[in-house]
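Q: Each chain, letter by letter, is given below.
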Amino acid sequence: MSTDGRYYIPHKAHWPILGVIGLGTLLAGFANLINGSSMGSTMMIIGLLTFIVMLVGWFWLQASESESGMYNADVGVSYRWGMMWFIFSEVMFFAAFFGTLFYCRVYAIPWLAGEGGGPGPVTGEFLWKGFEAVWPTNGPGDVGGEFEPMGAWGLPALNTLILLSSGVTLTWAHWGLLADNRDQMIKGLAATVFLGFLFVYLQATEYQEAYHEMGLTLGSGIYGSTFFMMTGFHGLHVTIGAIILSVVLYRSIRGHFSKENHFAFEAAAWYWHFVDVVWLILFIFVYWM
Amino acid sequence: MNKTKALFLSLTLWIGGIGNAYADFEMNLVRGVTKISQANYDLHMLIIWICTIIAVVVYGVMFYSIVNHRKSKGAVAAQFHESTKVEIIWTTIPIIILIGLAIPATKTMIEMDDTSESDMSIKITGYQWKWRYEYLDEGIDFMSSLDALSNAARQRDSDVDPTTVPNYLLNVDNPMVVPVNKKIRLLFTAADVIHSWWVPALGWKKDAIPGYITEAWTNIEKPGIYRGQCAELCGKDHGFMPIVVIAKTEAQYAEWVAQQKTAAQEKAGEADREWTQDELITRGEEVYNGNCASCHQAGGEGVPGTFPAIKGSAVAMGDLEKHIDVVLNGAGTMMPGFSSMLPADDLAAVITFQRNALGNNVGDSVQPSAIKPLLGDEDEDE
Amino acid sequence: MSAVAAHDDHHDHGPAKGITRWLFTTNHKDIGTMYLVFALIMFFVGGAMAMIIRLELFEPGMQFVDPQFFNSMTTMHALVMVFGAVMPAGVGLANWMIPMMIGAPDMALPRMNNMSFWVLVVAVLLLASTLFMEGGAPAAGWTLYPPLSLQAGNNLAFVVFSVHLLGLSSIMGSINIIVTILNMRAPGMTMMKIPLFCWTWVITAFLLICVLPVFAAAVTMLLTDAHFGTSFFDAAGGGDPVLYQHLFWFFGHPEVYIIALPAFGMVSTIIPVFSRKPLFGYSSMVYASASIAFLSLIVWAHHQFTVGMPLAGELYFMYATMLIAIPTGIKIFNWTATMWRGSLSFETPMLYAVAFVIMFTFGGFTGIMLAAAPTDFQYHDTYFVVAHFHYTLVVGGIFPIMGIIYYWLPKWTGHMYNEKLGKLHFWMTFFSFNLTFFPQHFLGLAGMPRRIPDYAIQFADFNMVSSIGAFILGLSQLLLVYIVVKTIKGGEKASAEVWEGASRWGLEWTLPSPPPYHSFQTAPEIK
Ligand code: HEA
Ligand code: HEA
Ligand code: CUA
Ligand SMILES: [Cu+2]
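Listed in order, the protein sequences are those of chains A, B and C. Each residue of the first sequence is one higher than the one before, counting from 1 in the numbering used here. Each residue of the second sequence is one higher than the one before, counting from 1001 in the numbering used here. Each residue of the third sequence is one higher than the one before, counting from 2001 in the numbering used here.
Don't read these hints as lab results, they were simulated from the structure. Don't be surprised by glycine CBs; every beta carbon is placed ideally from N, CA and C. Treat the hints with care, as some may be off.
What the hints assert, rightly or not - Calculated pairs, DMTMM-like style, for lysine to aspartate or glutamate (alpha carbon to alpha carbon, straight line, at most 20 Å):
#1 1123(B) x 125(A)
#2 129(A) x 1134(B)
#3 1267(B) x 1250(B)
#4 1071(B) x 2066(C)
#5 1248(B) x 1134(B)
#6 1123(B) x 1134(B)
#7 1182(B) x 1221(B)
#8 259(A) x 74(A)
#9 1071(B) x 2347(C)
#10 1182(B) x 1138(B)
#11 1183(B) x 1117(B)
#12 1073(B) x 2347(C)
#13 2423(C) x 2347(C)
#14 1071(B) x 2500(C)
#15 2193(C) x 1082(B)
#16 1071(B) x 2497(C)
#17 1035(B) x 1119(B)
#18 1073(B) x 2500(C)
To be verified - Only some residues are given here: those of chain B computed to face chain C with a beta carbon under 7 Å:
#19 1044
#20 1108
#21 1182
#22 1193
#23 1200
#24 1205
#25 1306
#26 1309
#27 1333
#28 1334
#29 1335
Here chain A stands alone, though its shape is the one from the complex (with noise of 0.2 Å):
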């Protein structure tokens, strides 16, 4: 069925509000188990389980109605203006992160150590006598005892490079779409989502190291909590663009896209490369600097 080329309103829907009810469901169930009730963790999974059916279906019957050739390039268009505002959105999560690594160390721990002027002084002097101002730390009261900061070039620099060249293999795969060469594309798409989930593996076994032999771990005081949360936050965008990706890949090997219509690669390149550029910063100031 086609919509001779005129802009495409989909009617009932029954996909969003199943997704709601996922949602819901493993969002109550987390505050359940966080508040040590037992129903918790089923919640979660029935709610886990039925989001994921849901994004299974929504994307299927999307992929089907943009191969069917139902959209026309207004749509295509509305489509990337939203992937654009929703990374926004997305940059601007990151940033209160990085706006609270920068406050605390710039700022907080200074004024706790007894530095500056004003109630600087007065504030260590009656409070935390014997703290000095150093990055990395856990803080006067040092929050989770000793522990060894997480060095820049060991694992981390290894995974700089994972991912810097999965931007590239990336590319090159997009490159092959536009040049209609299916099999450069297939490749450049597998290629990114190994080193993908390379990435993640290797993140993986760095936090294993961090909480089983550093001592470094989320109670770290601000150094634990900022050092684990962005990561954190960033590996499970990783994760969640390698999922995308492989689905991108499995689409390519269905044969989906085309040089004119590809918004879902489009996209999900669009989300790797973001990815991407937060951690570069992320290597600079939580793990080099």
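Given chain A, put chains B and C with the ligands in place with the hints provided.
A: Just chains B and C with the ligands, lined up with the frame of chain A:
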């Protein structure tokens, strides 16, 4: 002033007049008794007048067209809809006005910020829900919380009529006493959550933030009693942690300091002597009502889901060591450690009281001398 | 530009039957209606909570509720009103009207449109569920400052996830609105031709996408601090409770303009119609709105003058905040100039619009007083602030929404509302609103802190006045419901134009009343 404002100003004035008009009720910001409070009052009035003038102009124009440019009066609409000239005018005029505002504001702000060259310092710590005053130079150190009378009257089931309580909710057991005409530097911090120390007559408030120290200064020009309240939501009894500052002359203040010191010595003695269990329980009851009852309730029944009961509680009925530990060092997010808030004898008393009253009957008791070694001299905020 | 709309197989273009119409709908009118009904319900829920607050504050002493519950009411009242009533009402109006105003068949992303509404419902359910929990609903104020908010117990996780979902809903809604306006305009309708309501919504949507993620991040850190051992807001671990305040207000201040800007758009829609005169300074209105949005992102710490910022910070945030008076002033002046030498008539929508211009200006003046850092050391956390923000939130948020509902109701329902009752509703609301909140200025100046369940005797009189006003205000709103229901049920038929010469003011008036299920099957030509 526009109609509405005029209408309601007169209305409110009128209501302020009728009924029980209270002598100490101000409708406007207090002028206060410090240079800063004066400056703030003047700034306040300046802005009000500027805004009133702007209001007269803007509302004037508006009401003119509301009255005269009515369809019902056969007004036909002009069709103009642009004029860069007027746009520029009404962009620049506000800018000028704002600059005029910013200058005095900046002056006062800079002055408020300058805590240098103070004659004395007091460290003020906010607790849920009382204040602690430490005179850093004299070594005076005491807690200050809502006076018993207000506290009784503010209970939901209380039969005390608030209107009969002098300075209802604005009175404390131990006021902060300071000398006049001295630049006093005040250091603020908190033990649990954020509080805010506010005495309007001094012209400002300052937040007390756990783990940090914020500072401010004041120089009271006129002896008197000045009242205020905690101004940052700090939990259930935020409305019930007032502040009273008594400004005395040099001589009277010196006297007060002397008294405090002797009193402190006597108290120190108290902690060392042997107490009978009855003594402990009677004192313990006062301490309990002053410090514990606001959460655990007067009858010790607690509040299900929020505050555990003392009556028949595993802690109060169980091992003494554990009980002492909880009271001294706190537990969970809500229960503070009292080791830094109460002297040894009060702690011993209240623990003994909890074990042998409120329906509990363990029978044992603990001596102040046994508590004393457990108290660190300096309190750490954790 | 999208010329024409297409629909999938089934060819009836009317709504589906039964509740599946509402569960599965992708129609901008249906979704708009759901948003509006939801907002009205929430307005009453939040209002009921306000009634409880005013009841306890009716006279000195604790009569009706415990302090803890009182704090919960204060907190929930604010959250429900801001996130449940005013914002959804704005989104609902955007959904209903924007496609009609720009000549589009529907919103750009209809399926997501459906999702953003239902996510909102779930979010509010999560929030409401805390009312019935052990330990009760959140009681740390709508600002959820730590460490106090960390003492919450069971409700914290629910509140945090509720905020996440509220954010998700608003972000999806905002993306939809931006994309619709950027991409779905009828041929010939350039950005500088779209109605101001659309402009203010584009800008608002941008603000929402900008700040909601930050709020989400902040509450996430609350959750991990409380339950997963992080130390973001704990000095002992090297964090800072005040850091939360910076993050919150980076969201919280733009939030207040997120409420105000669409309202500005509504007022700019109403005033020209009833002045029978084009809006004065359209382009300057657009630029003013944009600068307000921009400034709102860099003034947040004017809510924290007393937390002990360095002098430079105090001064910067004072100056930046004062600047907002300029673009806002431009708007006020433009509205006044629009009325000037017009041919005014005062139907209910116009009454609300004019009342808005007058009283919002007043609320703005108190804002400028608060912006002067040193004096804010006196005003902060008193009822003066409460008065300020009800003059801005209720007058700047609710009044224009009321006005625009009376303005568009005939278009939506095809029936004329009862003008007499409408005017009565306005005058009762107007009078009781001022009776409620004007005295609170004096209470604040006289030294009454906010968020307290009981107060010193000298505050008794004005609190009683304020409470009486609040009760009348509450009851007046029942009248609104009566009018709306009655108009939906029936009444004098409304013409397509409804308001004299209205078709000159917007495309929506070229459609019949009520408009067809799908607004513009074929996009109109804009000359
Ligand atoms: C719609 C909501 C809304 C709006 C529009 C505003 C508008 C403004 N607000 Fe308000 N504000 C709130 C909602 C709003 N506020 C809320 C909810 C809080 C409390 C939050 C909480 O703590 O819970 C708050 C608190 C608040 C504070 C913190 C007070 C405190 O806690 O100590 C401050 C301080 O600067 C402030 C300032 C301002 C200013 C300068 C404006 C300006 O935008 C006003 C500009 C308008 C005018 C000035 C009038 C028209 C202009 C002219 C006629 C031109 C000529 C005028 C001059 C040259 C002066 N507001
Ligand atoms: C847009 C947002 C909005 C709106 C519309 C309102 C509307 C109202 N607000 Fe609210 N308010 C806030 C936002 C808003 N408020 C915020 C952000 C705070 C700060 C919270 C904090 O400090 O954390 C606050 C705080 C606040 C306080 C201070 C509480 C405190 O500091 O402890 C008070 C007290 O008078 C108050 C009163 C009112 C009243 C009387 C109304 C009236 O306008 C409401 C009128 C409407 C109705 C009343 C609806 C009709 C309902 C009925 C007819 C009820 C019938 C049913 C039953 C009684 C069961 N509000
Ligand atoms: Cu202490 Cu409010
Ligand atoms: Cu603000």
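Q: What hint numbers does the structure not satisfy?
A: 3, 4, 21, 26, 29
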